[in-house]
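Undergrad: Now for the letters of each chain:
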Amino acid sequence: MIRSTLTQVFTEVFEEHAGGEAPALADASVLLETGLDSLGFAILVTRLEDELGFDPFTEAADAVYPRTFGELVAFYEAHAPSLRETA
Amino acid sequence: MSDLAPLSLRERLAARDPASEVLPGVSTAALRASVEGLPAHVAGVVLRDLDPASFVRALVALDGRAESLVLAPPGTDAAVQADYAARARCAHQVATLEDLAHLPAAPGEAAPTRWVLATSGTTAAPKLVGHTLASLTRSTRTDVARGAGLRWGLLYDPTRYAGLQVVLQALLGGSTLLAPPLAAPLPERVSALARDGCTHLSATPTLWRRVLMTPASASLPLRQITLGGEIADQALLDRLSATFPEARVAHIFASTEAGVGFSVTDGKAGFPRRYLEEPPRGVALRVREGRLFVKNTRVLGAYLGEEDSTFRDAEGFVDTGDAVEVRGDRVLFLGRASGVINVGGQKVHPERVEAVLLAHPGVAAVRVGQRRSPITGALVTAEVTPAPGAAAGALKRELRAHCAALLAPHERPALVRLSGALRMSPAGKLVREVAP
Chain D
128 MIRSTLTQVF TEVFEEHAGG EAPALADASV LLETGLDSLG FAILVTRLED ELGFDPFTEA
188 ADAVYPRTFG ELVAFYEAHA PSLRETA
Chain S
321 MSDLAPLSLR ERLAARDPAS EVLPGVSTAA LRASVEGLPA HVAGVVLRDL DPASFVRALV
381 ALDGRAESLV LAPPGTDAAV QADYAARARC AHQVATLEDL AHLPAAPGEA APTRWVLATS
441 GTTAAPKLVG HTLASLTRST RTDVARGAGL RWGLLYDPTR YAGLQVVLQA LLGGSTLLAP
501 PLAAPLPERV SALARDGCTH LSATPTLWRR VLMTPASASL PLRQITLGGE IADQALLDRL
561 SATFPEARVA HIFASTEAGV GFSVTDGKAG FPRRYLEEPP RGVALRVREG RLFVKNTRVL
621 GAYLGEEDST FRDAEGFVDT GDAVEVRGDR VLFLGRASGV INVGGQKVHP ERVEAVLLAH
681 PGVAAVRVGQ RRSPITGALV TAEVTPAPGA AAGALKRELR AHCAALLAPH ERPALVRLSG
741 ALRMSPAGKL VREVAP
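Keeping their order, the protein sequence lines are chains D and S. In terms of the numbering used here, the first sequence opens at residue 128 and continues consecutively. In terms of the numbering used here, the second sequence opens at residue 321 and continues consecutively.
Hint data in this document are derived by calculation from the structure and do not stem from the laboratory. Treat the hints with care, as some may be off.
[Claimed, not checked] Computed spacing ranges between beta-carbons, pair by pair:
hint : chain 1 : residue 1 : chain 2 : residue 2 : range
1    : S       : Arg-409   : D       : Arg-130   : 58 to 64 Å
2    : S       : Ala-679   : D       : Ala-205   : 40 to 46 Å
3    : D       : Ala-151   : S       : Ala-679   : 34 to 40 Å
All figures in this text were calculated on a predicted structure; none of them were measured in a lab. For every residue, glycine included, the Cβ atom is placed at its ideal position computed from N, Cα and C.
Using the sequences and the accompanying hints, generate a full structural model.
TA: Pasting the structure below:
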């Protein structure tokens, strides 16, 4: 669920902010090489917070900087509130 | 004032070990030899579109020879460059090292070169600010024995004040400057810095967060990390200390209005409360009504723009416009008191964004605010009341296109919310929330 939301919001933000067609994302895709700059990345994280209801960058006790799309997905999955809490 | 002309950059390089590298593979002796044979005095020169290494050579070649040196930021368009040239009375342009060899001699005697920098500003016309090598190097450390072997990385644009400080520190401190091409993607630039053994690196918090996302960052052999230009948060400071345990981490507070600055190196956000009683580096600090006021207790009257001091109070304190909070033994920065939003180091005036949104026929009222971002510090948000009859469905998309045409990327609202009515103060003014 988180992976598909990430892919969908990434595509939206990319098309709005960077322009053109969003690149296909694989686990090994390096985020900074996708063409999305830090402002675009900031917008992505904020939209995801609205979409998913949490922001792992703020919630993580330690600042974490995922480098690949796979790491980003894992980071969001690791910090997702449990289903019981959201139900 | 001394009658002796201050030494030029070229002359000051004589303090370095001739064999020491100024740039990778370029010794001090070779650099100095490469800039011999130019006329002793040339008219004003605009430096433009030079890669960082050529830019450094041009600075060394022309300081003390050219009347003025205008440092045009990369990508400055031709009309703006022509305007810079006219305003700074420059007859020549240097875009390649070849151009240097063709500069004609000018009549008269060489005098200290006026360095002209453009202030940042993507939409408003930039102001040109004059400096001298002496004023630019006031806080440069020039102990070349201590600086030998240090390798300064340059991630900033060297035509801007912060980048130029890095260049001059490396040159005059006896160190080596690592300057990967600015146009290259950040992961490549960080890889180049890691490969070249970068020990000292300065960047804004936003840029540091991006650096930490590059695969090569973990192999940077850093010993000194500097953060400036934005608020450094605790999570980032912790992450930098954990990633680079050998490095000293310093975050800088600087007020261009007061011409002062100090750095904090204890690894904690904000600055120690005792600084309010014990001025760091001669910078007296006061907190009044939640804002930070500063006063330089040294070299009064020595700073550029000092004459423009109408905002100085009777005791000489200047309002920095930064909202602060005293919490326990720390003074923490909250953001700009005026409502100016700092998006990744770039200032956004909410009133300007509001004016653009209000120009759209579908907008009845708008309030621009900010939302905290773990990546850029803050993002611009807008709360919009649609005009009667406006198609709410299409409005968000239309506003996005409208803003894209009229605002710089960092100024465009990242989130737009449509709402009923906006809050007004009893005086009928829009209620604007101060930074959270």
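Undergrad: Each hint needs a verdict: does it hold in this structure or not?
TA: Hints and how they fare:
1. S:Arg-409 / D:Arg-130: 58 to 64 Å: 60 Å Cβ-Cβ, so the 58 to 64 Å window holds.
2. S:Ala-679 / D:Ala-205: 40 to 46 Å: holds (44 Å)
3. D:Ala-151 / S:Ala-679: 34 to 40 Å: holds (38 Å)
Of the numbered hints stated above, none is contradicted by the structure.
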